[in-house]
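Residue-level listing of the chains:
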Amino acid sequence: MSPLTKANKNASLIFSAFGNIVDRDRQRLIDMGLVPGESIKILQQAHGCVTLMLKGSRIALDHKTAGEIIVREENQ
Amino acid sequence: MKHDYKEINICLAGNPNSGKSSLFNNLTGLRQHVGNYPGVTVEKKEGSLISGKYKINIVDLPGIYSLSATSEDEIVARNFIIEEKPDLIVDVIDVSNFERNLYLYTQLSELGIPVILVMNMADVLKNKGMEIDVELLKKEYGIIAVATVASKNKGTDDVIAAVIDSYEKKYPVKNFKTDYGQLISCEIEKIESIIFKDLLLVNKYSARYLAAGLLKDDKFVFDKIQKSPVFGELEKQVLQSRNIITDKYEDSIDAVFADRSYAWIHSVSAVVLKTTSQSKYDISDSIDKIVLNRILALPIFALVMYTIFKFTFTLSEPVVRWFESVMEFLSRQASGIIPEGLIHSFVIDGLIGGLGGVLGFFPLILFMFFAIAFFEDTGYMARAVFIMDRFMRKFGLHGKSFASMIIATNGCAVPGLMAARTIESEKDRLITLMVTPFMICGAKLPIFALFIGAFFSAKDGANIMFIMYVLSVVLALTAAWILKKTILKGQPAYFIMELPPYRMPSLKGILLKMWERGFMYLKKAGTVILLMTVVIWAGLTFPKANTDENMSEETAAGIQVEQSYIGKLGNFIEPVIKPIGFDGKAGIALITGLAAKEVVVSTLGTVYSLGEVDPEDTSSLSERLQKDPDWNQLKAVTFLIFCLIYLPCVVAVAVFFRETGSKMKWLVFLAFWTTAAAWIISLIVYQGGKLLGLGG
Chain A
1 MSPLTKANKN
11 ASLIFSAFGN
21 IVDRDRQRLI
31 DMGLVPGESI
41 KILQQAHGCV
51 TLMLKGSRIA
61 LDHKTAGEII
71 VREENQ
Chain B
1001 MKHDYKEINI
1011 CLAGNPNSGK
1021 SSLFNNLTGL
1031 RQHVGNYPGV
1041 TVEKKEGSLI
1051 SGKYKINIVD
1061 LPGIYSLSAT
1071 SEDEIVARNF
1081 IIEEKPDLIV
1091 DVIDVSNFER
1101 NLYLYTQLSE
1111 LGIPVILVMN
1121 MADVLKNKGM
1131 EIDVELLKKE
1141 YGIIAVATVA
1151 SKNKGTDDVI
1161 AAVIDSYEKK
1171 YPVKNFKTDY
1181 GQLISCEIEK
1191 IESIIFKDLL
1201 LVNKYSARYL
1211 AAGLLKDDKF
1221 VFDKIQKSPV
1231 FGELEKQVLQ
1241 SRNIITDKYE
1251 DSIDAVFADR
1261 SYAWIHSVSA
1271 VVLKTTSQSK
1281 YDISDSIDKI
1291 VLNRILALPI
1301 FALVMYTIFK
1311 FTFTLSEPVV
1321 RWFESVMEFL
1331 SRQASGIIPE
1341 GLIHSFVIDG
1351 LIGGLGGVLG
1361 FFPLILFMFF
1371 AIAFFEDTGY
1381 MARAVFIMDR
1391 FMRKFGLHGK
1401 SFASMIIATN
1411 GCAVPGLMAA
1421 RTIESEKDRL
1431 ITLMVTPFMI
1441 CGAKLPIFAL
1451 FIGAFFSAKD
1461 GANIMFIMYV
1471 LSVVLALTAA
1481 WILKKTILKG
1491 QPAYFIMELP
1501 PYRMPSLKGI
1511 LLKMWERGFM
1521 YLKKAGTVIL
1531 LMTVVIWAGL
1541 TFPKANTDEN
1551 MSEETAAGIQ
1561 VEQSYIGKLG
1571 NFIEPVIKPI
1581 GFDGKAGIAL
1591 ITGLAAKEVV
1601 VSTLGTVYSL
1611 GEVDPEDTSS
1621 LSERLQKDPD
1631 WNQLKAVTFL
1641 IFCLIYLPCV
1651 VAVAVFFRET
1661 GSKMKWLVFL
1671 AFWTTAAAWI
1681 ISLIVYQGGK
1691 LLGLGG
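In order, the protein sequence lines correspond to chains A and B. Taking my numbering, I'd label the letters of the first sequence as residues 1 to 76. Taking my numbering, I'd label the letters of the second sequence as residues 1001 to 1696.
Chain B extracted, bound-state conformation:
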């Protein structure tokens, strides 16, 4: 049945931590999806709701403090508001922090687009012993305001009603202007009068916004008027007006504007905010005294990280096993239906094998995202980033780089790389993207387990594993330091971050966040890994080798691998990897490992004539490797070091490419830098070890 809804396009804007996402979830429920803004890596959260004869389309914008955007996500939010021109802007503010949050409103309200002020966290304000007079705010200042407690889904219907009423122009429209004082207002009007001469410009943008932007030397606004016929006249007037303002206030223009805006906000606050009772004790400061304590901060941080990993790996285990059994069941069912042959091999080894690999990893990722979302929503993660900033800075990294590295360690490089988005400085972000793949992700663990189990005693094995973890961190930090001193020179960006108050997270919020991130991982990783698994299957299956019917299945599989395209490629690269102690078989495993690192183990299993090998069950392959005279302890350690450093898997590479703005030069650099570093360090270890008589 076709409905003729009236469509209303709105966006949710507001400061970070104002509860925008909670309101978005309340408004849209599960009718939401996450995409990307064109050309950038910032996520675009969209959703919709139906109310009577209206369909409200909602975009949840990244958090911003003002329209003077600096980081990539802020630029996206600013551009969306200015260029896309939604029917309405819903400005969500944390009313318990009324003055700071209202600053953005002063800018949004000058864009010529109706703004609804959603005063969220009214309960927190009450706990502070205060109340806001919403009616007075409407009456005195003409602000369309609604009070909500988004965490408890209170006031959501009022927001919907305000959106519809505002769209239908049921509110008396007041031409809202921030009172910047007589002098600044007069200068703005002078500039506005020139802008009004260009009708095309005025039809597209608010003259007042442009005038204020020109006075503040906003590059974004200057770009808008570059081609205007009144550009010359404007430039002259702006210069004159700026001189008048700075002469009077003896400060920078943007500071004067902010000062005047805050003065107006303070006057509004004095009228509408009322103290009703004694403020309740704020626990955040007390918690911070312990959590950010100079002695306790690091041990508490270590404990939180341990909890995240313990939670992820312990609790996800039964679900991972269940997923594996489902895939095995599917494989058995398909085996029974599809007759032996090429299609059988394609479906079982290629499709189900590849898909199973991805799905097997998915529950673990979900558990990790759940744990991380929990600590994020409590407010602790912002503190963790702050705690690590000082240490990371010594190596030219930003505190926020730490979040990427910790997510990649034992987890997955893909979400680790995606976490680098919040770093404002492009150079700091690039360095983080370059070094995050050095961490030991969950996919590298089976390789370590295989070789350490095969060549070292349990006691030595634990030491080797520990050394590998230390090595990965040392490598990442050293690489960051080298990049910062060479091609990505410069001081790390300043660290300025708002620490949200500690809050009890809601289960719904955590689950939605977990699913949103997990689904993106599943979508991207699933498609690429699946494709690569099929490519590798074809590379190992063709051309068909001449095998004898009397041969055992294992021997035939070994010959097939040797004579396949990938097998030939392994032999081709052997001269390059011989100086670091590897032969063609190891070469094949390293090539296939580019699809996913776990594939190194299963490829070695096939190459060593074992047919299909479960990456978790490596005992039999372990014995084969042990017996192979071509392998020894030195070669095993060298192989592990190479696997640790060389080019990350194809999914991580694809994400790296996207996160670096799809610039080919960085992709080429990553490929060269990781592989060259892997080869050189392996050469030093192997040849050095031989000189010392190790690995005999």
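Only chain A is shown next, with the shape it has when bound in the complex:
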């Protein structure tokens, strides 16, 4: 398992858990469909910021938020 910022960009990823993230932002991500077991795909990574595909939507995250999203590769 690794934070999104260190995940393999080309791998199929599964969301596992949140790290240290404030309730408001955790709630926002949950509402957007980021629940454990959900597949996500990294679209782009630049300077630590990440854009990802989640439930058919493109979500942009800053470096800090992306670092608090723990994922695993699908085949793990």
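In case anyone wonders, no lab produced these hints; they're calculated from the structure. Be aware that a few hints might be false.
Take a look, some chain A residues computed to stay more than 10 angstroms from chain B by CB distance [stated by the list, open to error]:
id : residue
1  : M1
2  : T5
3  : K6
4  : N10
5  : A11
6  : S12
7  : I14
8  : Q27
9  : I70
10 : R72
11 : E74
12 : N75
Covered stretches of chain B (in silico footprint by chain A; criterion: 3 or more residues with CB under 8 angstroms from a CB of chain A, positions within the stretch not fixed) [as the list claims (entries may be wrong)]:
id : region
13 : 1251-1262
14 : 1285-1293
15 : 1325-1333
16 : 1633-1642
Using N, Cα and C, we set each Cβ at its ideal position, and we do this for glycine too.
Following the hints, position chain B against chain A.
Positioned in the frame of chain A, the structure of chain B alone reads:
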């Protein structure tokens, strides 16, 4: 003729970018208006339509992802739905993103208010090679659903028909419940059974919504039951139920609820969504590969900003000139009709002069709003905010703060301040509001043009102008950094933002957005500026000075200004501004500049005995300033720096007051902080310059 319509009150809810506003525009046409929700700065878009014997009143709510609202606009949307209880909720979803959008429906449908599901963007779904079985959705799940393509005005009549039929209860009513699984459903029922003991509560709110909210520790729901006689019993049960759920699922309750809701949504999606053909290529990802590229992102962003400014300032010029000529024509006509005297002066200098100033600026604002609306509707603006977030974060600002600052630069601080509404964190929003007035808005440009033209060569002038732009940005960022380290301490909020797919914007949508924003500007700015212009006119006109009939008009005007209330005020503040190199004349201009920054130039024109001066035509005033031994290059630069930093114009101050929740302490702080910063920095520049032998 009086009509007895049956009134149906509905609201449009839905995720951001689901096409709610397009549907609202299709439903209401021009029968819409924008106001404000009481006590907050969030815009309230309302409209109506007549269909047969029905009058449908529609409120377009801000976009929300769920009823667990976080930002100010989301709270407003949630409160409206829960407290105002419309007859019907129209939940507009982007059907091409069916699962994510249906999440809100699972919550809305438990409120005890009929919900119509409008599946918008059916064309986009088709391009993805998919189709939705609307009839199956109705039959299997009892969901009242309508398919639309709001961007092409398709399906609007079906929405109206569904609203009327639903209101008249022509659909079989099914008590819709999201399937959270046996365990959670059982715990919800236990809590519901206690809530049902309080009839007053049940009459007001849906018991299921309250029960789910209590389990999710929703503060808004807890506030609703605080005074209930069953509060103690409820609290005990909720605690027990929570323990049972977390023991079973080993996760936070809200995550469990979301997980169960999405599991149900996924099962619905598997039944009603059908793959019909090969998915068409989605261009958004390819565009993003270029637009968000680590090397190309900033140059592309700079090019877009340049395009917006070029479009605004170049294309608006003929319209601005036309407006000016209309105002001149009005002025001439009024001059011919009204005899010389106080009323003449009031109408020509006060009313037409003031109104002309506002209208002269209005086309430029409309052009800028058009350009910004275009890039917003294409989906690029969301990317621009994301691109700038990393840079802004270094100074304690949020990516969304950038939008405010860029709108204020060369444009106007008023829409810049209003753009800060989308920032969720109150501290980040406050900092943005505090620093946005430092940008060089369009109204400050004539002052810069006047002084740079008067005291510097063309080559040096360009450098000074560039330095001023750099200084405004440095000041804003430094001020943000100081505020973040002192009174508004804290880390900038996380950046989480949905990037909409790229779309071809519709002209109608852009024009409506432009007009909506422009009209608000016109209404607010027009009234305040007009009032202030009249106040300044009175301040410069009274008390009447004793002037000789043999005096030239210009000399008499100069004496009148000197002896007027504002003139006396200028002399009064002279001791304060003397250390920064200014005299009473400059003081008068700075005071009147509080009404609108362009007024600094016209006031100096009057003070320098030139009578009325066109802010655009500053050549003659320029020569006077040059010849005045009281002015030199150092004083000119100091004056520009002071004008750059000191308290923004009265319209911007009024908007700032509103946007900070009408809290006097922030208004006082703004006044003190900008003026003190202006005075201290000007003092350093002026006295430092003198020590270095500059400005001799």
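A quick look at each hint next to the structure:
Listed as a non-interface residue, A/M1 keeps its Cβ farther than 10 angstroms from every Cβ of chain B; the least gap is roughly 16 angstroms. Consistency note on A/T5: stated as away from chain B, and its beta-carbon is indeed over 10 angstroms from all of that chain's, at 13 angstroms minimum. Consistency note on A/K6: stated as away from chain B, and its beta-carbon is indeed over 10 angstroms from all of that chain's, at 17 angstroms minimum. Distance check for A/N10 against chain B: the nearest CB is about 14 angstroms away, which clears 10 angstroms, and the non-interface claim stands.
The Cβ of A/A11 sits about 17 angstroms from the closest Cβ of chain B, beyond the 10 angstroms cut-off, so the non-interface label holds. Look at A/S12: its CB is around 16 angstroms from the nearest CB on chain B, clear of 10 angstroms, so calling it non-interface holds up. Annotated as non-interface, A/I14 keeps its C-beta farther than 10 angstroms from every C-beta of chain B; the closest such distance is 13 angstroms. Here A/Q27 does not stay apart from chain B, with its beta-carbon only about 5 angstroms from theirs, under the 10 angstroms limit.
Every CB of chain B lies more than 10 angstroms from the CB of A/I70, the least distance being 13 angstroms, so the non-interface label holds. At roughly 16 angstroms, the least C-beta separation between A/R72 and chain B is larger than 10 angstroms, which holds for a residue marked as non-interface. No beta-carbon of chain B is positioned within 10 angstroms of the beta-carbon of A/E74; the least distance is around 17 angstroms. Against chain B, the non-interface label of A/N75 holds: every CB pair exceeds 10 angstroms, the least being about 22 angstroms.
Chain A is given as covering the region 1251-1262 of chain B, and this holds because 6 residues of the stretch bring a CB closer than 8 angstroms to a CB of that chain, at least three being needed. Three residues within the 8 angstroms Cβ limit are the bar, and the region 1285-1293 of chain B against chain A gives 5, so the coverage statement holds. For the region 1325-1333 of chain B, the assignment as covered by chain A is violated, since 0 residues bring a beta-carbon within under 8 angstroms of that chain's beta-carbons and 3 are needed. Given as covered by chain A, the region 1633-1642 of chain B fails the check, having 0 residues with a CB less than 8 angstroms from a CB of that chain where 3 are the minimum.
Against the hints set out earlier in the document, violations occur for numbers 8, 15, 16.
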